[in-house]
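K.L.:
What follows is the residue order along each chain.
2 protein chains.
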Amino acid sequence: MENDKNVSKMLEEFGKDITAQIKKGKNPSFETASRTRSNITYDEKEGFLKLGNATEERNFINVAQTKRFMQTIAIAGKCHKFINENLHTSIRGLFYQLKYSLGEDIDENIFNEQSESNPLIEDLEAALGIRREGLHLNANRKGVLVGNMKVVDTFEKEKLEINASKMGRSGWSIPSDVDNDIEFVDIKAKYVIVVEKDALWQRLNEDGFWRKENAILISPQGQASRGTRRMLRKLADEGLPVYVFNDCDAWGWYIYWTIKTGSMNLAYIGKDIATPEARFIGVTMSDLEKYDFLQNMTMKANDVDIKRAQEMMSYPWISRHKEWVEELKKVIKTRKKLEQDTLQGPRLTFVDDYIKDKIKSKEFLP
Amino acid sequence: MENDKNVSKMLEEFGKDITAQIKKGKNPSFETASRTRSNITYDEKEGFLKLGNATEERNFINVAQTKRFMQTIAIAGKCHKFINENLHTSIRGLFYQLKYSLGEDIDENIFNEQSESNPLIEDLEAALGIRREGLHLNANRKGVLVGNMKVVDTFEKEKLEINASKMGRSGWSIPSDVDNDIEFVDIKAKYVIVVEKDALWQRLNEDGFWRKENAILISPQGQASRGTRRMLRKLADEGLPVYVFNDCDAWGWYIYWTIKTGSMNLAYIGKDIATPEARFIGVTMSDLEKYDFLQNMTMKANDVDIKRAQEMMSYPWISRHKEWVEELKKVIKTRKKLEQDTLQGPRLTFVDDYIKDKIKSKEFLP
Numbered sequence: 000m001e002n003d004k005n006v007s008k009m010l011e012e013f014g015k016d017i018t019a020q021i022k023k024g025k026n027p028s029f030e031t032a033s034r035t036r037s038n039i040t041y042d043e044k045e046g047f048l049k050l051g052n053a054t055e056e057r058n059f060i061n062v063a064q065t066k067r068f069m070q071t072i073a074i075a076g077k078c079h080k081f082i083n084e085n086l087h088t089s090i091r092g093l094f095y096q097l098k099y100s101l102g103e104d105i106d107e108n109i110f111n112e113q114s115e116s117n118p119l120i121e122d123l124e125a126a127l128g129i130r131r132e133g134l135h136l137n138a139n140r141k142g143v144l145v146g147n148m149k150v151v152d153t154f155e156k157e158k159l160e161i162n163a164s165k166m167g168r169s170g171w172s173i174p175s176d177v178d179n180d181i182e183f184v185d186i187k188a189k190y191v192i193v194v195e196k197d198a199l200w201q202r203l204n205e206d207g208f209w210r211k212e213n214a215i216l217i218s219p220q221g222q223a224s225r226g227t228r229r230m231l232r233k234l235a236d237e238g239l240p241v242y243v244f245n246d247c248d249a250w251g252w253y254i255y256w257t258i259k260t261g262s263m264n265l266a267y268i269g270k271d272i273a274t275p276e277a278r279f280i281g282v283t284m285s286d287l288e289k290y291d292f293l294q295n296m297t298m299k300a301n302d303v304d305i306k307r308a309q310e311m312m313s314y315p316w317i318s319r320h321k322e323w324v325e326e327l328k329k330v331i332k333t334r335k336k337l338e339q340d341t342l343q344g345p346r347l348t349f350v351d352d353y354i355k356d357k358i359k360s361k362e363f364l365p
Numbered sequence: 000m001e002n003d004k005n006v007s008k009m010l011e012e013f014g015k016d017i018t019a020q021i022k023k024g025k026n027p028s029f030e031t032a033s034r035t036r037s038n039i040t041y042d043e044k045e046g047f048l049k050l051g052n053a054t055e056e057r058n059f060i061n062v063a064q065t066k067r068f069m070q071t072i073a074i075a076g077k078c079h080k081f082i083n084e085n086l087h088t089s090i091r092g093l094f095y096q097l098k099y100s101l102g103e104d105i106d107e108n109i110f111n112e113q114s115e116s117n118p119l120i121e122d123l124e125a126a127l128g129i130r131r132e133g134l135h136l137n138a139n140r141k142g143v144l145v146g147n148m149k150v151v152d153t154f155e156k157e158k159l160e161i162n163a164s165k166m167g168r169s170g171w172s173i174p175s176d177v178d179n180d181i182e183f184v185d186i187k188a189k190y191v192i193v194v195e196k197d198a199l200w201q202r203l204n205e206d207g208f209w210r211k212e213n214a215i216l217i218s219p220q221g222q223a224s225r226g227t228r229r230m231l232r233k234l235a236d237e238g239l240p241v242y243v244f245n246d247c248d249a250w251g252w253y254i255y256w257t258i259k260t261g262s263m264n265l266a267y268i269g270k271d272i273a274t275p276e277a278r279f280i281g282v283t284m285s286d287l288e289k290y291d292f293l294q295n296m297t298m299k300a301n302d303v304d305i306k307r308a309q310e311m312m313s314y315p316w317i318s319r320h321k322e323w324v325e326e327l328k329k330v331i332k333t334r335k336k337l338e339q340d341t342l343q344g345p346r347l348t349f350v351d352d353y354i355k356d357k358i359k360s361k362e363f364l365p
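Heads up: the protein sequence lines correspond to chains A and B, in order.
Under numbering that gives the first Met the number 0, the first sequence has 16 at position 17, and the numbering climbs by one with no breaks.
Under numbering that gives the first Met the number 0, the second sequence has 9 at position 10, and the numbering climbs by one with no breaks.
Do not rely on the hints blindly, as some may be mistaken.
To be verified - Label-pair distances were calculated between CB atoms; the ranges are:
(1) E1/A x Q222/B: 32 to 42 Å
(2) N301/B x Y253/A: 24 to 34 Å
(3) Q222/B x G14/A: 26 to 36 Å
(4) K270/B x D291/A: 53 to 63 Å
(5) N26/A x K211/B: 40 to 50 Å
(6) T35/B x E160/A: 24 to 34 Å
(7) K306/B x M69/A: 50 to 60 Å
(8) K299/B x E45/A: 42 to 52 Å
(9) A53/B x N117/A: 46 to 56 Å
(10) E160/A x N213/B: 18 to 28 Å
(11) K299/B x Y253/A: 52 to 62 Å
Claimed, not checked - Chain A stretches covered by chain B per the calculated footprint, using a threshold of three residues with CB under 8 Å from any CB of chain B:
(12) 63-77
(13) 153-164
(14) 190-201
(15) 250-258
(16) 289-297
(17) 311-324
Stated by the list, open to error - Below, simulated SDA-like cross-link-like pairs (lysine to any residue); rule was C-alpha separation at most 25 Å, straight line:
(18) K158/B x N139/B
(19) K299/B x Q113/A
(20) K149/A x T153/B
(21) K149/A x D271/A
(22) K359/B x T333/B
(23) K289/A x R91/B
(24) K158/B x I60/A
(25) K22/A x I60/A
(26) K335/B x E112/A
(27) K165/A x N85/B
(28) K158/A x K289/B
(29) K335/A x S100/B
(30) K289/B x S100/A
(31) K332/B x Y290/B
(32) K211/B x D178/B
(33) K165/B x K8/A
(34) K8/A x P118/A
(35) K233/A x L127/A
(36) K25/A x K44/A
(37) K4/B x G207/A
Note that these hints are calculated values from the structure, not bench results.
Every residue, glycine too, gets a C-beta built ideally from N, C-alpha and C.
With the hints as extra help, turn the sequences into a complete structure.
P.N.:
And the structure:
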């Protein structure tokens, strides 16, 4: 992964290259990976969404690009400054710094809307092969973790050791950046279980599920943040199997596939955040046949669920798995869906047994 | 606050009272506080929204109420069971337990939709004077804390001491229930600063703002959860001043007033979650006059902001403060609003100085 020293240097090289071009009387330009839909491919061998080889050139002397070129250089300059100050901000904080930059003497703002600066940050990330976190631009954080492992967080010049098995009811909040100045040590757990909903995470945490099973229990608390996706990739790199336990509905499937193969809009960092090794343990339509009581617990699938199921069957990375096609067909046919919370029906701790049973019998979808 | 033993006993008394009525050949009934709008009052002396003295009777033999009466008893029974098992769930988990209860032999479900069970949980809370957390029904959690204090969390039969000043970049996640089996000790901090956005919390945490200022730094991460509101009440009870730093817009004001006076829908537990001592340090329209650079940083207030500002001026608990009326009038007149993130404009650490300056000069709104 990138580190501050390297990134600072890369930004300097980037700047030097631009000024050298200007000095030579050239039209300054730089190359970035094309992030258009047509350049996003599913890598069958690796199992995630990534960019193809198409590149795009950004030119200063080009009516359509002059402003954006200048804006990108301004972003690079600011990020360089943040790194050297050893301070972080959000992309919104960056936007306001740029809005401030030209001061009151100049009528023109560098940026008027954050929608202008966001894609240019991605341009820079893709051009330099540096993730936003390496540019000191934090993303929204979400996600919580508990289990037999330790976090060594070098923060405010202090090296803090946080024991993720001593966090009580709260768990450890997964930060925006899980690469720089942070290490994960003493990972004694045997596998990772991801639970879509925080309420279920709380349920399982209370039961000491992770302790009894020696698992790392994570909730993305809905859609997984960049930090949580990166964390899962890192735990998979440590050799831990990753099991995902979600709702059987459009949203639950989406969360799973985003963890597994990455997503279109983050295809340019697919390798770093996708976990193709992930497996889906439920809840599934087949559970309805296995557990009688669930018959009474289904909800009517709405149009969004049905449309999503149909769309998913058209994605090659999903349609290649006949188990998923069968699952989605069942949803479309029965127009039913099922929440993971239903597993608390017979008794609150039933959900623990469900997960253990699924993992033990290797009953999961690819 | 309630504890498991008391709550269990109260539920038993509740059940005994109902059965005694039946044995006497009476129409079983119980009384609960009326939570209708007309029974919600602003307590001028105390400074929060609470229920008046109006009560409502729930009767079994009443065509409109029979089903709901039976449902409430079923909820009480389940909660009693959860307490005795020492297990917690969400209101969704409770809903599925009730849906399961009657089993497959009976065609009728106790509940079909969660919208049926939610108001009945509140009926029970209000009837018994027990908060949902005491009934072992966790609410959604949100909110993060860092500062010089310790948390003693008795969890899974273990007494864990969590040092809230040793949580690195992550902070301590504020749980759903901050009363039962949890204690706050060694509170060395001098005041509490609440920051609406998590991104700004991360910014201030990185600067060690809370350490330098000896403050407790909290972000509700948007609207404050029940847990965060209760936490603020508890810290105020320890004698700590509470300062709130939000956006100057409809949402930022709403978050502030919810923390300060409570809210209509939780008026029945107003005393426990409102912090009338809270003060609003910004951002404000007056900041535009004080800090020149902010002139260039405003956004256009939208219809929601304007409508909200007008509505707020009609609430007696707001209109009594002339400072707030002036502030809201400025928004309506200029049709401008301002984000807290703008304070990162001149330099990332400017936001630290802004807060310190506001508190030092006691420049805040009531």
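K.L.:
For each hint, tell me whether it holds in the structure or not.
P.N.:
Here's how the hints hold up against the structure:
The supplied range of 32 to 42 Å is met by E1/A and Q222/B, whose beta-carbon atoms lie about 35 Å from each other. The beta-carbon spacing between N301/B and Y253/A, approximately 30 Å, falls within the hinted interval of 24 to 34 Å. As the Cβ distance of Q222/B to G14/A is approximately 42 Å, the hint placing it in 26 to 36 Å is violated. Between K270/B and D291/A the C-beta distance comes to about 46 Å, which lies outside the given range of 53 to 63 Å.
Taken as a hint, the range 40 to 50 Å holds for the pair N26/A and K211/B, whose Cβ atoms sit roughly 49 Å apart. Under the hint 24 to 34 Å, the C-beta atoms of T35/B and E160/A, about 53 Å apart, miss the expected range. A beta carbon spacing of about 39 Å between K306/B and M69/A contradicts the range 50 to 60 Å that was offered as a hint. Evaluation of the 42 to 52 Å hint for K299/B and E45/A yields a pass: the beta carbon distance comes to about 46 Å.
As the Cβ distance of A53/B to N117/A is approximately 52 Å, the hint placing it in 46 to 56 Å holds. Checking the proposed 18 to 28 Å range against E160/A and N213/B shows it holds: the Cβ atoms sit about 24 Å from each other. As the Cβ distance of K299/B to Y253/A is approximately 34 Å, the hint placing it in 52 to 62 Å is violated. With 0 residues carrying a beta carbon less than 8 Å from a beta carbon of chain B, the segment 63-77 of chain A misses the three-residue requirement, and the given coverage is violated.
A count of 4 residues in the segment 153-164 of chain A with a Cβ less than 8 Å from any Cβ of chain B is obtained; the coverage claim is therefore met, three being the minimum. A stretch counts as covered by a chain when three or more of its residues have a beta carbon under 8 Å from one of that chain; for the segment 190-201 of chain A and chain B the count is 3, and the coverage holds. With 0 residues having a beta carbon nearer than 8 Å to a beta carbon of chain B, the segment 250-258 of chain A misses the requirement of three or more and the stated coverage is violated. Counting residues of the segment 289-297 of chain A whose CB lies closer than 8 Å to any CB of chain B gives 5, which reaches the minimum of 3, so the coverage claim holds.
Under the rule that three or more residues need a Cβ within less than 8 Å of chain B, the assignment of the segment 311-324 of chain A is violated, with 0 such residues. Proposed proximity of K158/B and N139/B is supported: the alpha carbons are some 24 Å apart, at most 25 Å. As the CA atoms of K299/B and Q113/A are separated by approximately 14 Å, the hinted pair is consistent with the 25 Å bound. Of the pairs offered as hints, the one joining K149/A and T153/B holds, with about 21 Å between alpha carbons and a cut-off of 25 Å not exceeded.
Of the supplied pair hints, the one linking K149/A and D271/A holds, its CA atoms being roughly 21 Å apart against a limit of 25 Å. The hinted pair formed by K359/B and T333/B fails the criterion: a straight-line CA distance of about 29 Å is larger than 25 Å. Note on K289/A and R91/B: the hinted pairing holds, with a Cα-Cα distance of about 22 Å set against a maximum of 25 Å. For the hint pairing K158/B with I60/A, the CA-to-CA distance comes to about 66 Å; that exceeds 25 Å, so the pair is violated.
Distance restraint check for K22/A and I60/A: the Cα-Cα separation of roughly 15 Å lies within the 25 Å cut-off, and the hinted pair is therefore satisfied. Between K335/B and E112/A, the direct Cα distance comes to roughly 15 Å. Compliance with the 25 Å bound is thereby established for this hinted pair. For the suggested pair K165/A and N85/B, the alpha carbons sit about 20 Å apart, so the restraint of at most 25 Å is met. As the CA atoms of K158/A and K289/B are separated by approximately 40 Å, the hinted pair breaks the 25 Å bound.
Proximity of K335/A to S100/B is assessed by CA-CA distance (about 21 Å); at most 25 Å being required, the pair is judged to hold. Distance restraint check for K289/B and S100/A: the Cα-Cα separation of roughly 19 Å lies within the 25 Å cut-off, and the hinted pair is therefore satisfied. For the hint pairing K332/B with Y290/B, the CA-to-CA distance comes to about 20 Å; that is within 25 Å, so the pair holds. A threshold of 25 Å between alpha carbons decides the hint, and for K211/B with D178/B the separation of about 29 Å lies outside it, so the pair is violated.
Using a Cα cut-off of 25 Å, the hinted pair K165/B and K8/A is violated, with the two alpha carbons roughly 32 Å apart. A threshold of 25 Å between alpha carbons decides the hint, and for K8/A with P118/A the separation of about 23 Å falls inside it, so the pair holds. At roughly 22 Å between alpha-carbon atoms, K233/A and L127/A fall within 25 Å of each other, so this suggested pair holds. The straight-line distance between the Cα atoms of K25/A and K44/A is roughly 41 Å, outside the 25 Å bound, and the hint therefore fails.
A threshold of 25 Å between alpha carbons decides the hint, and for K4/B with G207/A the separation of about 23 Å falls inside it, so the pair holds.
Of the numbered hints given earlier, the model fails hints 3, 4, 6, 7, 11, 12, 15, 17, 22, 24, 28, 32, 33 and 36; all others are met.
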